[in-house]
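So the protein lines, in turn, are chains A and B.
Just so we're aligned, residue 33 is where the first sequence starts under my numbering, counting upward by one.
Just so we're aligned, residue 33 is where the second sequence starts under my numbering, counting upward by one.
For chains that are exact copies, the list does not tell them apart, and a pair is met inside one copy or across any two.
Straight-line Cα separation of at most 20 Å, PhoX-like style, residue types lysine-lysine; simulated pairs: (1) K78 to K305; (2) K39 to K120; (3) K240 to K386; (4) K37 to K297; (5) K238 to K184; (6) K240 to K184; (7) K139 to K323; (8) K237 to K188; (9) K188 to K34; (10) K238 to K120; (11) K372 to K237; (12) K139 to K318.
Source of the hints: derived by calculation from the structure; they are not laboratory data.
2 protein chains.
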Amino acid sequence: MKVRKEKLIKSLLSLGEEIYGQIDSQVFPSVELPSRSTSNIKYDEKLRQYVLGEKCIKRTSRNVRHIRPFTQLVWMGYMANQLINQGKTSTLRDMYYMAQAYDVNFKDQAESDDIITDLESLIEFSREDFHLFPEERSAIYGNLNIEYTVPKYEGKRLNLTVHPDGVMIGPALTSAEFVSTDAEIVICVEKGAMFTRFLEEDVHKKFKALLIHTAGQAPRGTRHMIHRLHEEMNLPVYVFCDADPWGMHIAQVIISGSANAAHLKDLTSPDAKWCGVWASDITRYKLPSEKITELDLKRLRELERDPRYREELWQREIKVFNDIKRKAEQEAFSRYGLTKIVDEYLPHRLDEMKSY
Amino acid sequence: MKVRKEKLIKSLLSLGEEIYGQIDSQVFPSVELPSRSTSNIKYDEKLRQYVLGEKCIKRTSRNVRHIRPFTQLVWMGYMANQLINQGKTSTLRDMYYMAQAYDVNFKDQAESDDIITDLESLIEFSREDFHLFPEERSAIYGNLNIEYTVPKYEGKRLNLTVHPDGVMIGPALTSAEFVSTDAEIVICVEKGAMFTRFLEEDVHKKFKALLIHTAGQAPRGTRHMIHRLHEEMNLPVYVFCDADPWGMHIAQVIISGSANAAHLKDLTSPDAKWCGVWASDITRYKLPSEKITELDLKRLRELERDPRYREELWQREIKVFNDIKRKAEQEAFSRYGLTKIVDEYLPHRLDEMKSY
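The following block holds chain A by itself, in its conformation from the complex (with noise of 0.2 Å):
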């Protein structure tokens, strides 16, 4: 973590030192950053991500169509340095606020993002590395030790079986170091509901399971998480959302990232595996489900071509939503009583992604 800190700031002041030497001899000051036009962002079989392509784009302030977007970018660079010496996180929210006490000019917040954006695909660092944060927070709960790396926790270790109701994931336990764990797995729930249920029913001891409530979508800070607890703890990761196009994409993106992240790293975690609910589960279980909207079905068609869900589990489970016209809730198992989903699916699905 200190190297990847040390990096970060290595790299933001070298963006420093080359504006300052362009000014020393003369020249207009430039950056080139990597082009984030959809022409530009190309799904890598090989990483199993989207990245961008190589082409790049010059922002000089030569040219006086560039003089803002280039100020902004040096702004929101000579900022991240600022939070990152001072140990203070923010919020994209926070940051266009932040501006006006600079004087720096966005006309709305969708602007201020962009440029955040346009500072992470230059320096190659995600916003969380410069203590940039969003609100959403979700949950994980499980024998995992870790070290604070934040201001006045440093040096502190937290078991995160410390609280019932599952460890924030925020800020300072993004940044924590991973000491030690007993766990074998990693299991990825949508929902709180479910998430609850596997801490009450001790999943993370029958199984010896890691588990993260992405509470909807996982944030990038979770994905971030997800990805790290699959490289530096050597474990296997395993997806569990509502059977329907929404849940399946959740899984999809903790799986193989999202379009407008393609400029980062590190966010992704390609052998994590989708253990359901699938589509199939619902005639397979007779679980409860409810009639697939026309929005579903619109989203399903998009799916289907996406290059992510090229692989077979997929395509099947897209064609079988197709045929069935059903979609079910993680909760939908409730029919059977609170534990038959710990009982008796989990157990015999985990079996299964054997040969998946």
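With the hints as your guide, set chain B onto chain A.
Frame of chain A, contents of chain B only:
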């Protein structure tokens, strides 16, 4: 907490006994519960919250139209008792699905939610008491020592500064005993960004405060927690939201409750103070602001006539909103740098609040 649990079980058992008693004496079993129709919801000036009036409805198995809701209600009472005895928690959604395991028929979740509310008003305990929790979770941070009462953690203690991202307010925390604190006030904030800011700036130390992140409208569990911090630990409560009609109402619901929880006590904190961001702060502090929308104005007109908004401060601020036609967010203070809100606004406002 134990006493409360015993009372609840007694209340459920006496419901069962009553029904058995009626059957034994060859009477069609029936229950009487307070009416929750709007005409029976009144604002109680003394309690400073909405309460149900005297009107009751009788639900009897003698009436063929009543058999369905009567059976559903009795089943729900049975399930509540099960959850308590097994020490398991569940959600509104789960209960809807669970019913199918018992061949109890609900046409949709709205119907089962409604029966849960009936049960609440019949036995005069809230669904959280019989272990039904919502998905949303908010967080708390500060020097409060709690002791868990949930199974597996019973008797274990936790200090709520243990995790610098905040401690989740879920079933386990809501039902915990408060052991000790050196805090002198409770500060509730609407936004996560503000919560993190306060925490990083040591507001909990500087102002001897417990910090609560409501995450928008405070869930009932969180409101109950705030109520208990005031009642049991004798702490004054300050609520701090966005300067718009919706932020205002988040504060108001913490203070005097919502109409649809009129059948419940112990969710309100009538002595809590709304301490900003006020409409008048927008001009006073020259905050970056946005134009108020038609929807905001409509909402203001509703609030103006609401009995909970009768006090001078609220009426004054509604007037200011209508005059300046601007609104602002908590984060707007960032225009003066990240710490201005903690260094100047907060101490000044807390001081001012003495005269409200």
